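S.K.: These are the residues of each chain, in order.
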Amino acid sequence: MTQVAEPEAAKRWVGGGILRKEDPELLTGQGRYVDDIALPGMLWMSFVRSPVAHASLARVDVAAARELPGVVAVFTGQDLAGEWAAALPCAWPIASRRYPDEPTHDPRVPDHWPVVKDRVRFMGEIVAVVVADSREHAVDAVEAVDVDYDELPVLTGIEEALQEGAPIVHEQFGTNELYTWVLENGEVDNVFAEAPVVVKERYYHPRLIANAIEPRGVVVQPVPAQGEYTVWSATQIPHFLRLFLALCLGIPETKIRVIAPEVGGGFGSKLDVYAEEFIAVALARRLGQPVKWTEERSEGYLATVQGRGVIQDMEVAATEEGRLLGVRAKLLADMGGYLQLVAPGIPILGAFHYHGVYDCQAYGFSCTAVFTNKTPTDAYRGAGRPEATYATERIMDALARRVGKDPAEIRELNFIPPFNEPRRTAGTLEYDSGNYAAALAKAKELVGYDDLRREQRANGGRRDGKLLGVGISSYVEVCGWAPSQVLASLKYAGGGWERATIRCNPTGKITVVTGTSPHGQGLVTTLSQIVADALGVDPDDVEVLHGDTAVAAWGLDTYGSRSLSAGGVALYNAAERVREKAKRIAAHELEVSEDDLEWTGGKFQVHGAPDKAKTIPELAFAAWTAHNLPSEVDPVLEGSAVFDPPNWTFPSGTHICVVEVDPDTGQVRIVKYVAVDDCGNVINPMIVDGQVMGGVAQGIAEAIYEEALYDENGTLLTGNMATYRVPSAAELPGFTLDRTVTPSSTNPMGVKGIGETGTIASPPAVLNAVADALRPVGVEFIDLPASAERVWRAIQAAKGETPAERTVEGGGTGAASMTPEEEGGVA
Amino acid sequence: MRRIALTVNGVQREAEVEPRQLLVYFLRETLGLTGTNVGCDTSSCGACTILVDGKSVKSCTMLAVQADGTEVTTIEALASNGKLHPLQEAFRANHGLQCGYCTPGMIMAGLSLIESGAGMSDEEVRLGLEGNLCRCTGYQNIVKSIQDAAKQMRSPAAPAGVQGGSE
Numbered sequence: 101m102t103q104v105a106e107p108e109a110a111k112r113w114v115g116g117g118i119l120r121k122e123d124p125e126l127l128t129g130q131g132r133y134v135d136d137i138a139l140p141g142m143l144w145m146s147f148v149r150s151p152v153a154h155a156s157l158a159r160v161d162v163a164a165a166r167e168l169p170g171v172v173a174v175f176t177g178q179d180l181a182g183e184w185a186a187a188l189p190c191a192w193p194i195a196s197r198r199y200p201d202e203p204t205h206d207p208r209v210p211d212h213w214p215v216v217k218d219r220v221r222f223m224g225e226i227v228a229v230v231v232a233d234s235r236e237h238a239v240d241a242v243e244a245v246d247v248d249y250d251e252l253p254v255l256t257g258i259e260e261a262l263q264e265g266a267p268i269v270h271e272q273f274g275t276n277e278l279y280t281w282v283l284e285n286g287e288v289d290n291v292f293a294e295a296p297v298v299v300k301e302r303y304y305h306p307r308l309i310a311n312a313i314e315p316r317g318v319v320v321q322p323v324p325a326q327g328e329y330t331v332w333s334a335t336q337i338p339h340f341l342r343l344f345l346a347l348c349l350g351i352p353e354t355k356i357r358v359i360a361p362e363v364g365g366g367f368g369s370k371l372d373v374y375a376e377e378f379i380a381v382a383l384a385r386r387l388g389q390p391v392k393w394t395e396e397r398s399e400g401y402l403a404t405v406q407g408r409g410v411i412q413d414m415e416v417a418a419t420e421e422g423r424l425l426g427v428r429a430k431l432l433a434d435m436g437g438y439l440q441l442v443a444p445g446i447p448i449l450g451a452f453h454y455h456g457v458y459d460c461q462a463y464g465f466s467c468t469a470v471f472t473n474k475t476p477t478d479a480y481r482g483a484g485r486p487e488a489t490y491a492t493e494r495i496m497d498a499l500a501r502r503v504g505k506d507p508a509e510i511r512e513l514n515f516i517p518p519f520n521e522p523r524r525t526a527g528t529l530e531y532d533s534g535n536y537a538a539a540l541a542k543a544k545e546l547v548g549y550d551d552l553r554r555e556q557r558a559n560g561g562r563r564d565g566k567l568l569g570v571g572i573s574s575y576v577e578v579c580g581w582a583p584s585q586v587l588a589s590l591k592y593a594g595g596g597w598e599r600a601t602i603r604c605n606p607t608g609k610i611t612v613v614t615g616t617s618p619h620g621q622g623l624v625t626t627l628s629q630i631v632a633d634a635l636g637v638d639p640d641d642v643e644v645l646h647g648d649t650a651v652a653a654w655g656l657d658t659y660g661s662r663s664l665s666a667g668g669v670a671l672y673n674a675a676e677r678v679r680e681k682a683k684r685i686a687a688h689e690l691e692v693s694e695d696d697l698e699w700t701g702g703k704f705q706v707h708g709a710p711d712k713a714k715t716i717p718e719l720a721f722a723a724w725t726a727h728n729l730p731s732e733v734d735p736v737l738e739g740s741a742v743f744d745p746p747n748w749t750f751p752s753g754t755h756i757c758v759v760e761v762d763p764d765t766g767q768v769r770i771v772k773y774v775a776v777d778d779c780g781n782v783i784n785p786m787i788v789d790g791q792v793m794g795g796v797a798q799g800i801a802e803a804i805y806e807e808a809l810y811d812e813n814g815t816l817l818t819g820n821m822a823t824y825r826v827p828s829a830a831e832l833p834g835f836t837l838d839r840t841v842t843p844s845s846t847n848p849m850g851v852k853g854i855g856e857t858g859t860i861a862s863p864p865a866v867l868n869a870v871a872d873a874l875r876p877v878g879v880e881f882i883d884l885p886a887s888a889e890r891v892w893r894a895i896q897a898a899k900g901e902t903p904a905e906r907t908v909e910g911g912g913t914g915a916a917s918m919t920p921e922e923e924g925g926v927a
Numbered sequence: 009m010r011r012i013a014l015t016v017n018g019v020q021r022e023a024e025v026e027p028r029q030l031l032v033y034f035l036r037e038t039l040g041l042t043g044t045n046v047g048c049d050t051s052s053c054g055a056c057t058i059l060v061d062g063k064s065v066k067s068c069t070m071l072a073v074q075a076d077g078t079e080v081t082t083i084e085a086l087a088s089n090g091k092l093h094p095l096q097e098a099f100r101a102n103h104g105l106q107c108g109y110c111t112p113g114m115i116m117a118g119l120s121l122i123e124s125g126a127g128m129s130d131e132e133v134r135l136g137l138e139g140n141l142c143r144c145t146g147y148q149n150i151v152k153s154i155q156d157a158a159k160q161m162r163s164p165a166a167p168a169g170v171q172g173g174s175e
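Line order of the protein sequences matches chains A and S. Quick note: the first sequence uses my numbering, first residue 101, plus one each step. Quick note: the second sequence uses my numbering, first residue 9, plus one each step.
Derived from the structure by calculation, the hints contain no laboratory data. Some clues are possibly wrong.
As a list, the in silico BS3-like pairs of lysine-lysine whose alpha-carbon atoms are at most 30 Å apart [claimed, not checked]:
id, chain 1, residue 1, chain 2, residue 2
1, S, K91, A, K542
2, A, K591, S, K152
3, A, K772, A, K566
4, A, K609, A, K703
5, S, K91, A, K566
6, S, K152, A, K609
7, S, K152, S, K91
8, A, K355, A, K591
9, A, K217, S, K91
10, S, K152, A, K505
11, A, K683, A, K772
12, A, K683, A, K712
13, A, K121, A, K566
14, A, K121, A, K712
15, A, K355, A, K430
16, A, K772, S, K91
17, A, K505, A, K703
18, A, K505, S, K91
Because the structure is a prediction, the values reported are computed rather than measured.
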């Protein structure tokens with residue numbers, strides 16, 4: 101094993117930066133992704149997708165397409181109606197709760213069929229399916245399907261969704277409102293009425309497109325005589341996919357094996373089950389042949405869930421000095437045309453921490469979710485928590501201005517003091533541990549905060565003709581998607597547990613089975629390190645199996661930064677069980693009592709007798725031969741554990757961004773970016789840093805470059821990778837990273853998630869910096885994304901030269917009409 | 009259909025191809041070289057980057073028929089005798105990859121950049137990689153990987169170029 105950490109770490113793998121075990125195959129082109137799979141007799145699927153956002157299907161004529169070369173079959177929604185035992189699932193339906201004690205009632209869940217039967221509700225929805233002997237023949241036949249659409253009025257704006265006379269997306273509900281969900285803790289109205297200072301702002305979070313570089317794809321191999329199906333899918337959630345394929349297609353789940361082979365990124369977009377996956381299995385069943393589909397990128401922009409799409413009214417109440425008294429957040433969230441897997445719950449994932457890392461007495465949150473005629477939304481890296489953190493960290497800057505304090509000072513004044521035991525919060529959570537001031541102090545030092553502020557004061561906020569801005573974001577993340585009982589109270593259909601199995605093979609090599617489904621996070625390496633330390637073996641002697649329902653019988657997959665804090669801890673506990681069993685065998689073989697043994701140097705050793713010792717490989721062989729086992733000890737050395745985390749984990753930190761804004765072009769350039777993160781104990785620092793950097797890059801993309809724009813007809817204007825700006829290396833800065841270590845108090849490893857922190861922390865750091873830079877030229881407010889165009893327009897408007905409205909309205913989410921609402925106003 | 013003849017990773021290949029077939033699908037589906045990935049349909053992401061006559065090309069922007077008579081190098085040719093190419097080693101040592109999907113294209117683009125003699129400052133490497141998108145790493149470690157590999161490949165003791173690769 102290549103070791104890049106200090107030599108003394110050689111005996112202890114956890115905490116060392118060992119190189120990734122995943123890499124050799126990925127570096128040489130040997131990684132096998134779904135699109136690399138080709139099976140004998142395989143047919144290709146291609147989809148006829150609606151070019152309009154809202155319409156009744158008048159006629160779908162597939163006759164000409166059926167006659168084309170290579171075409172095996174063409175199906176309409178009516179043709180396939182008999183295939184579905186149930187509509188596509190929503191695993192997190194949420195009913196309205198307008199006041200805390202409102203009696204529960206059934207949530208609104210519209211039917212969502214894989215192929216449209218009679219009405220189209222977003223552009224890109226599937227209206228017919230072609231199956232042919234090649235990709236090219238399938239695509240040709242799609243062109244030959246003739247569809248008549250009776251177009252209906254289109255709803256794109258989420259504020260318009262609730263207005264009188266708005267087009268209704270799902271008529272059976274008589275409204276576009278999915279739910280209004282309220283959380284209140286403390287005397288919120290009183291606190292706001294009596295507070296000397298109230299600051300309110302409105303924020304717009306654009307719709308975002310995840311852009312995992314591997315598009316989605318699915319291959320299905322049927323065994324018709326057995327009614328069995330092997331499904332390869334580019335998914336984060338093979339176990340959930342198997343469950344829902346079974347439920348929606350009426351196939352016993354024991355007859356379905358789902359494999360997530362190498363998966364090229366997900367970021368939440370593959371935390372879903374999709375129409376194409378259900379259609380592929382249905383057609384493999386119907387035709388008795390293997391079926392394959394690979395998403396084209398532009399197709400994915402319409403068909404794969406998008407993220408965010410939220411308007412937030414954020415309010416804080418404070419003392420004259422700037423001490424926080426109350427927080428009140430009101431959201432309007434865009435679900436799009438249907439409810440995808442966990443979409444209704446996404447805003448609720450942020451619901452409990454709009455006060456972030458600060459203390460307050462009164463806390464109010466409400467979210468209204470609405471349908472629109474756009475691609476459905478769902479999880480996107482951070483999922484609900486970036487929205488919360490953005491609102492909290494932007495409003496803290498507004499509060500600082502209002503009370504005449506520096507942004508660092510307002511945070512220091514309000515931080516929850518350091519704590520190592522669970523601590524109840526205003527948002528009704530129990531944070532596991534935290535030391536927020538330490539991260540801010542470290543970040544300030546790394547960025548040279550005081551010098552930057554001095555430079556701004558000395559030069560009127562300018563540096564070499566550019567506007568110099570500094571922005572802080574101090575965040576806490578709620579991650580881990582657990583515990584099961586809390587998830588039940590939030591009406592989430594699944595649990596939060598995770599399972600791991602360790603098998604010690606006769607030669608001493610270790611097989612690990614995890615129910616998580618990593619897709620780029622380096623978990624094979626991280627889990628190997630945990631086992632290596634726990635069982636006294638080399639990480640290279642550990643083989644980690646994952647992403648296959650036939651191999652990992654139980655698992656809840658990978659999302660919500662849960663793979664280590666749930667899956668890693670399950671593995672840690674499984675290793676404890678293996679050691680317990682091994683210890684009994686060791687005592688028997690060494691003819692001592694278990695109490696005479698200690699686990700030291702990676703083996704069981706008799707106290708004070710280093711030559712009397714047994715390693716796990718030795719004990720594994722003994723357990724396998726079973727020639728000489730103590731009574732009541734079964735053969736073979738293995739252990740499993742299921743861990744249902746008692747709480748979420750709460751990673752935290754401070755990011756500081758320094759920008760230079762060109763006052764003539766509006767171009768924002770990040771000149772320094774410092775991230776100090778705290779994910780508790782670190783298993784592999786190299787991997788943790790990689791997660792942070794990737795997350796920050798994605799957050800910067802969100803802050804400056806990316807926005808899915810729709811026109812008033814519900815047409816996605818940023819409909820491909822050439823028009824939706826995923827930044828390249830040339831646009832992004834280098835990062836300066838550091839960390840603090842505050843172990844979690846709620847799991848035995850003291851670990852917290854790290855997969856999403858960067859994306860959660862960075863957008864407000866960037867926007868606060870841009871806002872800071874623009875203040876000297878009179879710009880009072882700037883929102884996401886701080887694109888050159890938006891910044892330039894804001895500067896022009898401040899000069900009184902050009903209106904700030906954008907010429908092309910995007911998303912219908914109200915961006916054009918958005919102005920700072922009573923910024924700094926006193927209630 | 010049209011007959012083409014080209015050298016791929018040092019091996020002479022001949023095939024009948026549909027005139028509209030993209031080079032990347034010829035490599036992936038006709039030759040089974042699935043290391044080269046497809047990430048978009050607008051020539052934006054660069055996941056399909058290969059070398060054609062030693063220069064980096066997005067193989068989704070080129071038709072297979074246009075590759076007639078050329079020398080093509082893909083990711084599969086970089087490691088030799090079980091030993092990773094210095095660029096592959098550098099990507100591993102610097103954690104220059106996560107999900108690995110953009111990686112073959114990134115490495116081929118990096119190889120072309122290094123062999124072109126371009127400067128290796130942060131800014132030069134970042135500009136040189138403008139045509140290749142990665143969604144996982146934030147690029148910093150990719151830039152470091154290419155800089156480290158360049159140092160090694162440009163030192164006098166560096167091993168010879170890729171078989172069938174550079175001119």
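S.K.: Does K591 (chain A) lie within 30 Å of K355 (chain A) when you go C-alpha to C-alpha?
M.R.: holds, 29 Å
S.K.: Can you confirm whether the C-alpha distance between K121 (chain A) and K712 (chain A) stays at or below 30 Å?
M.R.: violated, 33 Å
S.K.: Starting from K772 (chain A), check that the Cα of K566 (chain A) is at most 30 Å away, please.
M.R.: Holds. K772 (chain A) to K566 (chain A) sits at ~15 Å (cutoff 30 Å).
S.K.: Checking one constraint from the list: CA of K505 (chain A) to CA of K91 (chain S), max 30 Å. Satisfied?
M.R.: Not OK: K505 (chain A) and K91 (chain S) at ~59 Å, beyond 30 Å, violated.
S.K.: Starting from K591 (chain A), check that the Cα of K152 (chain S) is at most 30 Å away, please.
M.R.: violated, 46 Å
S.K.: Please work out if K609 (chain A) and K703 (chain A) have their alpha carbons no farther apart than 30 Å.
M.R.: Holds, at about 15 Å.
S.K.: Do the alpha carbons of K152 (chain S) and K91 (chain S) lie within 30 Å of each other, as the hint requires?
M.R.: holds, 21 Å
S.K.: Within 30 Å, alpha carbon to alpha carbon, are K91 (chain S) and K566 (chain A)?
M.R.: This hinted pair is violated, its Cα atoms lying about 49 Å apart.
S.K.: Can you confirm whether the C-alpha distance between K121 (chain A) and K566 (chain A) stays at or below 30 Å?
M.R.: Since the Cα atoms of K121 (chain A) and K566 (chain A) sit roughly 45 Å apart, the hinted pair is violated (cutoff 30 Å).
S.K.: Given the hinted pair K217 (chain A) and K91 (chain S), is their Cα-Cα distance within 30 Å?
M.R.: Roughly 55 Å between the alpha carbons, so the hint for K217 (chain A) and K91 (chain S) is violated.
S.K.: Does the alpha-carbon distance linking K355 (chain A) and K430 (chain A) stay inside the 30 Å limit?
M.R.: violated, 46 Å
S.K.: Sort out whether K609 (chain A) lies within 30 Å of K152 (chain S), counting only the CA atoms.
M.R.: violated, 35 Å
Checked against the numbered hints listed earlier, the structure breaks hints 1, 2, 5, 6, 9, 10, 11, 13, 14, 15, 16, 17 and 18; every other hint is satisfied.
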